[in-house]
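*Asks:* Same order as they appear, the protein sequences are chains C and B.
Going letter by letter, the first sequence gives residues 1 to 280 in the working numbering.
Going letter by letter, the second sequence gives residues 1001 to 1365 in the working numbering.
Fair warning: there could be bad hints in the mix.
List of simulated lysine-lysine pairs, DSSO-like, C-alpha gap at most 27 Å [what the hints assert, rightly or not]:
(1) B:Lys-1104 <-> B:Lys-1126
(2) B:Lys-1113 <-> B:Lys-1153
(3) B:Lys-1130 <-> C:Lys-169
(4) B:Lys-1247 <-> C:Lys-169
(5) C:Lys-169 <-> B:Lys-1126
(6) B:Lys-1113 <-> C:Lys-166
(7) B:Lys-1111 <-> B:Lys-1130
(8) C:Lys-169 <-> B:Lys-1153
No lab work stands behind these hints: they were computed from the structure.
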Amino acid sequence: MMDRYTKLQMVGIYAAITVFLIFILLPFFEMFMASLRPLEHLFRSPYQFWSDDFSFDAYSKMWETVPLLGRYIFNSIFIASMVTGLTMIFVVPAAYAYARLDFPFKNASLAIFLGVNMFTGAVLLIPLYRVLRTLGLLNTYWAMIVPGVAFLIPTGIWLLRSYLEKIPKELEEAAYVDGASRMYTLRRVVLPLAVPGLIVVGVAVFIGAYAQQFLFAITFNQTRELQPLPAGLYEFIGYQSVTWNEMMAAALVGVLPVMVIFLFLQKYLVAGLTAGAVKE
Amino acid sequence: MATLDLQNISKSFGAAQVLHDISLAIDDREFVVFVGPSGCGKSTLLRIIAGLEEASDGQIVIGGQDVSAAHPVDRGISMVFQSYALYPHLSVFENIAFPLRVQKLPEPELKEKVGKAAEILQLTDKLNLKPGQLSGGQRQRVAIGRSIVRDPKVFLFDEPLSNLDAALRGDMRVELSQLHRDLNATMVYVTHDQIEAMTMADRIVVLNGGRVEQFGTPMELYHHPATKFVASFIGQPNMNLIPAVVKGTAEGLTVELDGGHVMTLPVETGAVHVGDKVEVGIRPEDVTLGADGLDISIRVLERLGGASITYGTIGAGTRFCASLPGNAPIREGENMALTIDPAACHVFDAKGDVLRRQSAPALVA
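The following block holds chain C by itself, in its conformation from the complex (with noise of 0.2 Å):
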């Protein structure tokens, strides 16, 4: 292939991407630093980046200052993974219906999606307090996966849609003309075509509950048990001291296996996106 970019221009490139990466990469990095170092080296005068006293101590020890963190790192895993499932669920014949359907207020209802989009979820804690009270659904699980699966609905419904319109129609009318009912049609030939959509969603939505249950759980939530990680983490802020080290350990360490996960399925996105599957 010829370099369709200048010497100059790739410079700026990397250089941009550096910058980029160095802004969000970074913390991570601090993080990890900050896990290998004694506690009382975190509070030392004048800065020393290399200590000689390097040691992965806290990794063990965080275990015994919150005994339930395991159970915070799963309880993190399972609401977000629940609130992916049932996302997908509602998302799906919701996307489809949009891509191929008509329907009275089609684009009113598109447009109302969006608008909800636009609230975070801190907005509406207080009448979602309420709600969920009267559900009785405050201090289960339910606290936090329901409002997560209301507030990514949409944004699945936006993505998928998009996705799904992709698909040839020629497609879906063979599979109608040789006699196929929508769900049929809808099991057997738009959804085998549309995995790497489905993966991209699921991703994104994913990653957008593990990102939100922080708030859902501090405000839902008070059973210690089904505490998410994120919240969960508040217990090595103690009486007297905080911490840090083991802290920023537990973080490393309940993010370790979503991250792994995503870096498999990003190998699997990339060949699916690119396999062209729907392009005859």
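Given chain C, put chain B in place with the hints provided.
*Replies:* Just chain B, lined up with the frame of chain C:
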């Protein structure tokens, strides 16, 4: 197998009417081609027959049964789409088997039917491949395979060859004609390519602006075009249409062509009077090089070996195309005289309707 009757089919999309009161009776086992320029409504008409669109008015009768409101499967039709519409994630076998899977046919019977279809279409060794691994012609055959496993009464083809290159299109044309003979089925085929229409059809429906211009055998359309539109659409190269003025109506029609050439043509004069403007249609292949006759200045000469296609102008710049023998002694930039057989001329009145020819080549049965 079955007959297909369209009765007063009309279709509007909002305010735009795309089909105007179309009635056609297609015989059992007939191969009928809908042909016309893009936007003439031919695909819409096919989709209405298929049940993918609903007619605004009129009935569709297949095999004597009114199926206007029926589901495509209950109509007994199957359709091959322009883009093949193969399922890229399914193997060739599953693609062909799809309609049978929908029917929930038992596995052994399904295998047998798919096998038979694959054999007819020479796809037996390709059954495990995905459509992406096939060539254009093979994909087209898979699409046809999917349409024949269900044993439909009427096959519908929507421009099935337009995605193929020219050489392959010729081969597939022959294959489709063969298939029609083998299956002995009623087929309706949509195309914008008049060569496909002429070569494959038992009868051709020429559509223009949502109306049927003419419905007849290829030779009827060629020798007796009902309108100027049909005349210029059928035939390659296109028929020449030369403006002319009527000079006399006794014993045929005497006209003066653009450029001053006067001819008497053996057509029924009907309601045409002296002084009326008409158009004389002359097919490029109906002229011969002669000593006297129509004077043409040759602009471009295409030597194809077997024939020399000559593009020139007559009179006040009216274009004229002539198909002459390959070795015709003519050169670009020169003038030539063409002899025209009056019996081979077509005359169209100001509305574009033909004046019936008194004599014409006998039709091939």
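*Asks:* Taking the hints in turn, state whether each one holds.
*Replies:* A quick look at each hint next to the structure:
For the hint pairing B:Lys-1104 with B:Lys-1126, the CA-to-CA distance comes to about 23 Å; that is within 27 Å, so the pair holds. The hinted pair formed by B:Lys-1113 and B:Lys-1153 meets the criterion: a straight-line CA distance of about 16 Å does not exceed 27 Å. Our distance criterion of 27 Å between C-alpha atoms is met by B:Lys-1130 and C:Lys-169, whose separation comes to about 20 Å. Our distance criterion of 27 Å between C-alpha atoms is broken by B:Lys-1247 and C:Lys-169, whose separation comes to about 57 Å.
Distance restraint check for C:Lys-169 and B:Lys-1126: the Cα-Cα separation of roughly 26 Å lies within the 27 Å cut-off, and the hinted pair is therefore satisfied. A hinted pair counts as satisfied when its Cα atoms are at most 27 Å apart, and B:Lys-1113 with C:Lys-166 does not qualify at roughly 33 Å. With a CA separation close to 18 Å, the supplied pair B:Lys-1111 and B:Lys-1130 stays within the 27 Å bound. Proximity of C:Lys-169 to B:Lys-1153 is assessed by CA-CA distance (about 25 Å); at most 27 Å being required, the pair is judged to hold.
When held up to the earlier numbered hints, the structure conflicts with 4, 6 and fits the remainder.
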